[in-house]
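S.K.: Residues per chain, in single letters:
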Amino acid sequence: GESVGLHLPTLSVQEGDNSIINCAYSNSASDYFIWYKQESGKGPQFIIDIRSNMDKRQGQRVTVLLNKTVKHLSLQIAATQPGDSAVYFCAEKGYGQNFVFGPGTRLSVLP
Amino acid sequence: DTGVSQDPRHKITKRGQNVTFRCDPISEHNRLYWYRQTLGQGPEFLTYFQNEAQLEKSRLLSDRFSAERPKGSFSTLEIQRTEQGDSAMYLCASSATGGRSNQPQHFGDGTRLSIL
Chain A
5 GESVGLHLPT LSVQEGDNSI INCAYSNSAS DYFIWYKQES GKGPQFIIDI
55 RSNMDKRQGQ RVTVLLNKTV KHLSLQIAAT QPGDSAVYFC AEKGYGQNFV
105 FGPGTRLSVL P
Chain B
42 DTGVSQDPRH KITKRGQNVT FRCDPISEHN RLYWYRQTLG QGPEFLTYFQ
92 NEAQLEKSRL LSDRFSAERP KGSFSTLEIQ RTEQGDSAMY LCASSATGGR
142 SNQPQHFGDG TRLSIL
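Chains A and B, in that order, give the protein sequences.
Under the working numbering, the first residue of the first sequence is numbered 5, with each subsequent residue one higher.
Under the working numbering, the first residue of the second sequence is numbered 42, with each subsequent residue one higher.
No lab work stands behind these hints: they were computed from the structure.
Be aware that a few hints might be false.
Partial chain B-side listing against chain A, Cβ under 7 Å, derived [said to hold, decoys possible]: (1) 49; (2) 51; (3) 89; (4) 92; (5) 94; (6) 97; (7) 148; (8) 149.
Given the structure is predicted, the values throughout are model-derived calculations rather than measurements.
Built from N, CA and C at the ideal position, the CB exists for glycine as well.
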């Protein structure tokens with residue numbers, strides 16, 4: 005069935021370094037992907053999205069890369085800051101409006 | 042604030058009681074979603090409305106769960122005869138329809154349900 009997973013459950017980076025968070029998805033028919041950031045006690049916050057007809061999209065300090073050949077998605081955060089500490093989820097749009105979320109990666113930014 | 046609003050933020054109740062949660066989406070969004078999230082996991086899709094029509098329901102949505110969106114604006118999620126396993130964060134999200142293109146979902150901060 006559909007599933008979205010992450011390679012690493014936790015990631016620690018030094019403040020100022022770049023972070024890369026990975027996500028594997030299983031449904032080759034998925035045509036839309038979203039990255040979310042979730043802080044403790046809050047709902048997921050939209051970061052960036054990408055459609056399947058693209059392989060890269062950039063936002064402010066963030067870049068999402070999509071490799072449809074190997075069904076892999078990554079989120080790159082430039083110059084990671086303490087405020088970036090959170091759990092990051094990728095979500096895959098499958099059939100209809102059913103979005104499937106991975107279990108998340110916890111990003112810790114070290115001073 | 043024009044984000045997604047959920048009420049209450051926290052609900053503690055005894056097993057067997059009924060609970061109802063409310064979600065007010067972003068005003069111009071006609072799509073509304075309910076998700077459930079347990080500790081350490083990603084959100085799990087429960088159901089989806091476009092305007093007042095409930096168009097999709099997950100197999101996770103047992104007969105004890107019912108969701109409504111009577112006027113195509115706010116939505117309610119009711120759980121009857123609550124069980125211990127219902128303890129979770131219930132998240133609501135909304136999105137606009139973008140013609141043929143997908144639109145991102147924007148989430149509220151959820152209602153945390155604790156069953157005693």
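S.K.: If a hint holds in the structure, say so; if it does not, say that too.
M.R.: Structure-based check of each hint:
1. Taking 7 Å as the C-beta contact cut-off toward chain A, the hint placing residue 49 (chain B) at the interface is violated, the least distance being around 14 Å.
2. Taken as an interface hint, residue 51 (chain B) does not check out: its beta carbon lies about 10 Å from the nearest beta carbon of chain A, beyond 7 Å.
3. The beta carbon of residue 89 (chain B) comes within 5 Å of a beta carbon in chain A, closer than 7 Å, and the hint placing it at the interface holds.
4. Among the interface hints, the one on residue 92 (chain B) is violated; its C-beta lies about 13 Å from the nearest C-beta in chain A, farther than the 7 Å criterion.
5. Below 7 Å, beta-carbon pairs count as interface contacts, and residue 94 (chain B) has none with chain A, the closest being about 12 Å; its hint is therefore violated.
6. Residue-level restraint check for residue 97 (chain B) holds (minimum Cβ-Cβ distance to chain A is 5 Å; threshold 7 Å).
7. Hint on residue 148 (chain B) holds. Least Cβ distance to chain A is approximately 4 Å, under the 7 Å limit.
8. Checking residue 149 (chain B) against chain A by beta carbon gives a least distance of about 5 Å; that is within 7 Å, so the hint holds.
The structure shown violates the earlier hints numbered 1, 2, 4, 5.
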